[in-house]
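Q: These are the residues of each chain, in order.
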Amino acid sequence: MPLSELVIFILIKAALAVVIFALWMTMVPVMIWIERKVIADIQARLGPNRVGPFGVIQPIADAVKLIFKEDILPKSSDRVLYALAPAMLMVPAILAISVIPIGGTVTIGARSFSLQILGAYKSPGLTVPELDAGILLVLAFSSLGVYGVVLSGWASGSKYSMLGGMRSSAQMLSYELPLGVSLLGAIVLGGSLKLTDIVAAQREMGVWFIAPQLTAFIVFFISGLSETNRAPFDLPEAEQELIGGYHTEYSGFRFAMFFMAEYLSMVTISALAVTFFLGGWHVPFFDVVWLGPVWFAAKLMVLLYIFVWVRGTLPRVRYDQLMRIGWKAMLPIAVINVVFTAGIVTWAPKAGAVYLSGAGIGLAAVTFGVISMVLRVKIGRSVDERLRRVLGRRAEGEAAGQ
Amino acid sequence: MLPVGYYIALSAFIFVTGAVGVLVRRNPIIMLMCIELMLNAGNLVLIAFSRQNASMDGHVFVFIVITAAAAEAAVGLGIIVAVFRQKSGDIDMDKLSEMKG
Amino acid sequence: MTAELVVFVTMGAVAAVTAAAVVISKNAVHAVIYLVINLFAIAVLYLALSAQLVAFLQILIYAGAIMVLFLFTVMMLNMTGAIEMTDDKLSKQKPLALMLGLLLIAEVVVGAVGLLNQPSAVAIGEGFGSAKEVGNRLFFGYLLPFEITSILLLAAIVGSVVLARRKDDD
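Residue numbers (numbering that gives the first Met the number 0), protein chains in the order written: chain A, 0 to 401; chain B, 0 to 100; chain C, 0 to 169.
In isolation and in its complexed conformation, chain A is listed as follows (with noise of 0.2 Å):
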C-alpha cells in the first residue's frame, strides 16, 4: 500500500472530521435560540429580542457572559476530577457522532467514501470498510456520558450535589436499557448493525422504519428525552432550584460544557432517530449526492423542534414517577416490540412495506391502548375511593354533629 494513499485517505478523513464536527458544533448556539424563541412563543412572550435581529446573536452572548465569569473552585473538592468531568460529558457526546452518516457516498474519480466519519472508503490501494458495530459506539459512548454527571456530582464537595448527581445519572442509566432495546426492533428489521445498512434498509423497504416500529419510536423518544435530561425528565435542572444538582458548584466555562454537552447529545439522539426511523438521508427521487445532508438536516430540525415542543408543555415528572415509567412501563414495552418484531421477520419473512407498517402501528396501538385504559381505570379508581373517602367522612361528621 503505496504511502502516497495513506496520506490522502487520512487527509479525507481528517477534512471528513471536522466538517461535520463543525455541523454538529453549529447546532448548538442554533439549538439555543430555537429553544428560548420557541418556549417562548408557547408561554405567549417574545422570547430574547434585543441583541440582534430576533435575537440570533444571543447565544453568543451568552457564551461569552459565561466565558468571562469567574472560575470558582471550591476548597474541599477533588481538584483533578472537578476538572476532567465536563470533559467526560463532553468528550462521549461528541465521539458519538462520529458513526452517524449524514450523507449517501461521494465518488471522486477512483475514490469513494461514504459521508460518515468511521465510514467505509474505497480507493486503488487501499479498502477501509465500515465500522461492524456502528450502534453499538453510540450506545457505548452514551454509557460513558454517566461517568461525567456522577464524578462532577462528586468532586464538587457538596452533599446535595453528590446526591444530585447520583439521581441523574441513575436516570440516565435506567433508561439506557430501554433506548437500546427500541433500537433493536430497527436492527432485527435491517439486518446489521452498520448504520448505513439500516438506511439502505428504509430505502428498500420503500418506508421508514417509524412505520413497522411505531411503538420502538415513541419508546426511543422518550428514553432519549430522559438520556439527555429533557423536560419533562429533568430533575437534575429542576433540583438546581431547590437544593442544588450535579453542576452547582461550576461556574464559568466549565458549566457552558456541562450544557453544551448536554445540547450536543440531545442532536445525537435526534439523529439517531432519523437514522433508524425516518429514512436517514436517503432523499427519495433526486439521486444528488449534497441533498442527502440538507435532507437530514430538515428531518433533525423538526426531531429538535418536538424536543423544544415537549419541554414547553410538559410538566416535570417527579422522580420515583420517572423510575416506574422507566422500569415498568418503557422496558417491557421495547421488549415486546422486539419480540414483535422478531417473529415477524421469521414467520413472515417476505411481508411488504404495507403489512408490516399495520403491524406495527396495530402494535402500538395495543401496547399504548392497553396501558391508557389501565392507567385510567386505576387512576379512576383510586380517585372514587378518595371522593368516598372524603365523602364518608363529611357524612359521619354530619352524623355526629347532629
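Just so you know, the hints here were simulated from the structure itself, not pulled from any lab data.
Hints are not guaranteed to be accurate.
To be verified - These stretches of chain C come out as covered by chain B in the derived footprint (C-beta under 8 Å, 3 or more residues): (1) 34-43; (2) 64-71.
As the list claims (entries may be wrong) - Once the Cα atoms are required to be at most 20 Å apart in a straight line, the calculated EDC-like pairs of lysine to aspartate or glutamate come out as: (3) C:Lys131 <-> A:Asp196; (4) A:Lys298 <-> A:Asp286; (5) C:Lys25 <-> A:Asp77; (6) C:Lys131 <-> B:Asp56; (7) A:Lys121 <-> A:Asp40; (8) A:Lys36 <-> A:Asp61; (9) C:Lys131 <-> C:Glu146; (10) C:Lys131 <-> A:Glu129; (11) A:Lys158 <-> A:Asp77; (12) A:Lys349 <-> A:Asp196; (13) A:Lys349 <-> A:Glu129; (14) A:Lys377 <-> A:Asp319; (15) A:Lys121 <-> A:Asp196; (16) A:Lys298 <-> A:Asp196; (17) A:Lys121 <-> C:Glu125.
Note that the coordinates shown come from a computational prediction; the quantities given were computed from them, not determined experimentally.
Even for Gly, the Cβ is constructed at its ideal location relative to N, Cα and C.
Dock chains B and C against the given chain A, drawing on the hints supplied.
A: Coordinates of chains B and C only, in the frame set by chain A:
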C-alpha cells in the same frame, strides 16, 4: 497480527498485578476491582488466541465471562453494602471471618 | 513498525500502568477511574485484534455499567481509604505478597517460553469478530451456556435486590 507472546506477556502482567492487589489491599471494593483486573487479563488472552486460530469460540467465551463478571460484581457489591450497613465506619476485612451478623 | 505494534505498545503501556495504579492508589474513587482507563485500553487492544463486538461490549457493559456500580458503592459508603491503617496480621505481609507475585510472573514466563514459537496467525475472513459471527457461534454452538448465563443473571438480580433490602422492609 503481532506474535501472540506479546499479548500473553501483557496479560500475565495485568493478571499478576491483580493477584498481588487482592493479596495486599484490604479495602473490599479495591479487592473486587483487582478481581476484575484478573478477569480482564484472562479475556485478553482469550481474544488473542481466538484471533491466532481464527476461531470465534474465544469471543463467545469472553462474552460469557463479561456477563459473569457483571453478575459477580453486582452481588459482591451488594454484600459489601449489606455488611457496611451493619457496622458504622470502616471495617477490617480480616475481622469479617464469621458468618453471623 | 506496523500500526499494530504502535497500538500495542501505547495501549499496553496504558493498561499496565493503570493496572498498577489501581493496586497502589490510596483513594478508592481514583482507583475506579484507573480501572475504567484500563478497561478502555484493553478494549482498544481488542479492536486491534479484530474483535469489534467484544470491544464495544466491554466499553458498554464493563466500563459503562459495572464500573459505575463500583463508583456508586464507593461514593455511597464514602470509603476513601482509611481502611489501610490497620496492622498486618502476619508481619511482612506486603513484601511477601510482592515476592509471590514475582514468582508467579516468573512461572508464567517459563511456561510461556514454549509458546513463543507459535505458527503465525491463521488468516481471518472479513466478518471475523462482527456481531453476526459471534451470534452464529453463540446460538449454534453454545446455546446451553447462553441459557445458563441468563439464569445466572436472574440469580444475580434477585440476590442483589434481597441483599440491598433493609431489615424492616417487607
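Q: Given the hint that Lys131 (chain C) pairs with Asp56 (chain B), does the C-alpha gap stay at or below 20 Å?
A: 13 Å, holds
Q: Does Asp319 (chain A) lie within 20 Å of Lys377 (chain A) when you go C-alpha to C-alpha?
A: Holds, at roughly 17 Å.
Q: Using C-beta distances, would you say chain B covers the region 34-43 of chain C, given that this needs three or more residues below 8 Å?
A: That given contact holds, which follows from 4 residues of the region 34-43 of chain C lying within Cβ reach (below 8 Å) of chain B.
Q: Verify the proposed pairing of Lys131 (chain C) with Asp196 (chain A), using a straight-line Cα cut of 20 Å.
A: Holds, at about 14 Å.
Q: Lys131 (chain C) and Glu146 (chain C) were given as a pair; does the straight-line alpha-carbon distance stay at or below 20 Å?
A: 19 Å, holds
Q: Quickly compare the C-alpha distance for Lys349 (chain A) and Glu129 (chain A) to 20 Å and report which way the hint goes.
A: 28 Å, violated
Q: Using a Cβ cutoff of 8 Å, are there at least 3 residues of the region 64-71 of chain C near chain B, or does the coverage claim fail?
A: Coverage by chain B holds for the region 64-71 of chain C (4 residues, Cβ < 8 Å).
Q: Holds or violated: Lys121 (chain A) with Asp196 (chain A), Cα cutoff 20 Å?
A: Cα-Cα ~17 Å, so holds.
Q: For the pair supplied as a hint, Lys298 (chain A) and Asp196 (chain A), confirm whether the alpha-carbon distance does not exceed 20 Å.
A: 19 Å, holds
Q: Compare the distance between the alpha carbons of Lys349 (chain A) and Asp196 (chain A) with 20 Å, and conclude whether the hinted pair is satisfied.
A: Within the cut-off at roughly 18 Å; holds.
Q: Holds or violated: are the alpha carbons of Lys158 (chain A) and Asp77 (chain A) at most 20 Å from each other?
A: 14 Å, holds
Q: Given the hinted pair Lys121 (chain A) and Glu125 (chain C), is their alpha-carbon gap at most 20 Å?
A: Given that 20 Å is the threshold and the Cα spacing comes to 15 Å, the pair holds.
When the structure is compared with the earlier hints, violations turn up for hints 7 and 13 and for no others.
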